[in-house]
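Undergrad: Below, each chain spelled out in residue letters.
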Amino acid sequence: MSPDTLKAMSAALAAGETTAVALTEQALAKAEAARDLNAFLHLNPENALAAARAADTRRKAGTATALTGIPLAVKDIFCSEGDPTTAASKMLANWRAPYDATAVARLKAAGAVLIGKLNLDEFAMGASGENSAFGPTLNPWDRTRVPGGSSSGSAAAVAASIVPGTLGTDTGGSIRQPAAFCGLTGLKPTYGRVSRWGMIAFASSLDQGGALAWTAEDVAELFSLIGGHDPKDSTSAQGTVADAATLLAEPVAGLTLGVPESFFEAVDGALQGPLADAKRQFQALGVRLKALELPFAGDAVPAYYVLAPAEASTNLSRYDGVRFGHRCENPADLNDLYRRSRGEGFGPEVKRRILTGTYALSVGYYDAYYRQAQRVRRCIFDSFTTAFQAVDALFLPTTPTTAFRLGEKRDDPIALYEEDRFTIPANLAGLPALSLPVGFSQGLPVGGQLLAPHFREGRILSLAHAFQQATDYHQQRPSEQGATP
Amino acid sequence: MRTLLNKEKHGSLAPAQAFLALFSLNRWKRPMALDPDAIRRLATLSRLALSDDEIAGYSESLTDILTVLDRLGGLPVGDAAPLASPLTEPPPLRDDIAEPVTNREALQAGAPATDNGFYLVPKVLP
Chain A
4 MSPDTLKAMS AALAAGETTA VALTEQALAK AEAARDLNAF LHLNPENALA AARAADTRRK
64 AGTATALTGI PLAVKDIFCS EGDPTTAASK MLANWRAPYD ATAVARLKAA GAVLIGKLNL
124 DEFAMGASGE NSAFGPTLNP WDRTRVPGGS SSGSAAAVAA SIVPGTLGTD TGGSIRQPAA
184 FCGLTGLKPT YGRVSRWGMI AFASSLDQGG ALAWTAEDVA ELFSLIGGHD PKDSTSAQGT
244 VADAATLLAE PVAGLTLGVP ESFFEAVDGA LQGPLADAKR QFQALGVRLK ALELPFAGDA
304 VPAYYVLAPA EASTNLSRYD GVRFGHRCEN PADLNDLYRR SRGEGFGPEV KRRILTGTYA
364 LSVGYYDAYY RQAQRVRRCI FDSFTTAFQA VDALFLPTTP TTAFRLGEKR DDPIALYEED
424 RFTIPANLAG LPALSLPVGF SQGLPVGGQL LAPHFREGRI LSLAHAFQQA TDYHQQRPSE
484 QGATP
Chain B
697 MRTLLNKEKH GSLAPAQAFL ALFSLNRWKR PMALDPDAIR RLATLSRLAL SDDEIAGYSE
757 SLTDILTVLD RLGGLPVGDA APLASPLTEP PPLRDDIAEP VTNREALQAG APATDNGFYL
817 VPKVLP
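In order, the protein sequence lines correspond to chains A and B.
Its first residue numbered 4, the first sequence is counted upward by one per residue in our numbering.
Its first residue numbered 697, the second sequence is counted upward by one per residue in our numbering.
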């Protein structure tokens with residue numbers, strides 16, 4: 004099998020065993036061969052091959068970075084200049100971004116080769132990848148199952164070994180849940196760590212860009228590049244991010260890992276074994292486990308599904324049929340233009356969340372829902388602050404189940420909302436959180452989740468890296484039958 | 697606690713709030729169910745044209761969702777201050793220096809209708 008990790012590709016490039024053009028041609032061919040996954044909304048062979056040729060020239064000039072010449076792809080919610088940028092919505096079906104998102108610009112500046120834009124749940128609203136206006140993404144491990152969402156294409160493209168790494172976004176679990184369903188490592192950094200400039204907004208106090216790859220090493224490489232202050236984003240946190248080697252070098256022996264048992268009791272029985280094994284593995288690495296509870300964290304779902312739709316209903320008011328995006332035919336007046344353009348352009352789940360958010364922000368219900376949800380958010384934030392006085396990091400399940408079947412929960416929004424119950428608390432508190440593969444159940448990957456105090460991404464990357472030095476779950480790949488139809 | 701808008705308060709509302717009050721979501725009875733009329737009002741506020749089938753579907757699903765959201769009301773949050781952002785420190789402000797927009801044409805290229813740098817909309821004034 005050809006190398007499919009970022010580290011292995013980078014080493015092969017450095018050793019002169021391959022070229023950026025060869026890796027890019029291979030990635031484009033794999034993407035074409037796996038069209039049925041619907042992981043990509045847009046491939047850009049011409050630009051990708053031009054970038055690959057430039058990367059090979061740069062390498063010869065001796066100015067290459069670890070990412071120079073590596074084929075990558077980004078969720079189609081990141082603006083990339085001149086490319087279609089749709090957020091998987093009919094609303095933006097014909098829109099091309101006039102500039103690069105900061106995260107995209109940093110990848111390009113490092114010489115990475117962006118081969119295309121990846122499918123997602125429309126405007127990142129979903130937990131299955133089925134809410135895309137351009138069709139669902141399939142899970143490479145089992146094409147009858149969902150890859151998770153909303154960064155569905157970001158996970159499927161890595162799991163199918165098309166590219167070694169991708170960018171996703173995580174508002175309530177949208178990097179970690181698909182990473183868990185597809186056997187990958189996925190990092191949602193601290194809120195404010197990765198610039199939101201050029202990242203199409205869903206819920207501005209929760210959205211955070213991050214990376215998915217097979218290993219913590221590769222995720223660290225991507226995060227160290229895209230993270231760090233950006234003056235273009237008014238919520239961008241101060242400071243830079245350490246290099247990947249430093250991020251992975253924190254000693255893990257002697258750390259105390261908090262384990263909220265009530266979260267583990269709430270998962271499907273099929274996940275219990277792998278998660279229990281993972282706890283034992285951490286202990287074998289010299290990590291102490293400490294049982295604790297996280298008051299209010301179990302109530303994160305209703306708080307999130309007030310706050311996120313409220314912010315979405317505001318953010319998505321920009322899609323008015325005037326400045327960009329879909330416009331209805333022959334509007335009778337301005338109000339008709341707004342109503343029909345939005346009614347035609349948005350999909351069912353997006354409309355549901357706009358309606359929910361509008362309700363929560365309405366006169367008479369604002370205090371009962373929006374303000375109360377903000378108070379619960381404060382309690383969850385404080386709950387983590389207290390926990391981190393006793394432990395260095397936390398270990399939780401990522402998901403309640405393994406990847407479920409396509410269509411299984413499509414008509415049950417509440418069942419889908421509950422999918423995020425273990426991932427949402429980190430978003431509400433703005434904490435860094437990472438999902439890593441900790442085993443398999445009936446051939447499907449199982450994810451475990453690590454959380455750390457704000458700005459301590461290095462701690463959970465180091466824990467994941469140490470875990471992956473002692474296990475081989477991250478080295479498993481979908482069968483040929485799964486990977487190639 | 698749901699607050700009911702009274703006339704005195706209504707009288708001092710800013711225009712946008714007065715508009716919201718006009719649609720008077722708060723005039724509803726306790727919304728155990730978001731009936732189709734309630735969804736129509738929300739759709740009006742949201743500037744969303746919905747079909748009758750969509751309205752019926754959202755009436756059902758939003759009613760179900762509200763039963764989940766209503767769990768919030770029973771949580772013992774005490775006097776916890778509302779948290780709007782998880783940022784632990786205020787982000788740094790950039791220097792207040794105006795920068796010219798150099799890609800106006802590119803920014804407007806995605807607009808449905810423009811003319812000479814202006815966005816075109818249906819006639820507003822009679």
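These are calculated hints, taken from the structure and not from any lab test.
Some hints here could point you the wrong way.
[What the hints assert, rightly or not] Part of the chain A face toward chain B, derived, beta carbon under 10 Å:
no.	residue
1	G324
2	P334
3	S344
4	T361
5	K412
[As the list claims (entries may be wrong)] Taking lysine to aspartate or glutamate and the DMTMM-like style, the derived pairs with C-alpha atoms no more than 20 Å apart in a straight line are:
no.	chain 1	residue 1	chain 2	residue 2
6	A	K412	B	E750
7	A	K412	B	E756
8	A	K63	A	E84
9	B	K819	A	E264
10	A	K235	B	D791
[What the hints assert, rightly or not] Chain A regions said to be covered by chain B (calculated; three or more residues, Cβ under 8 Å):
no.	stretch
11	300–308
12	415–423
13	431–438
Even glycine gets a Cβ: it sits at the ideal position worked out from N, Cα and C.
Undergrad: Just pull the numbers of the violated hints for me, sorted ascending.
TA: Structure breaks hints 5, 8, 9.
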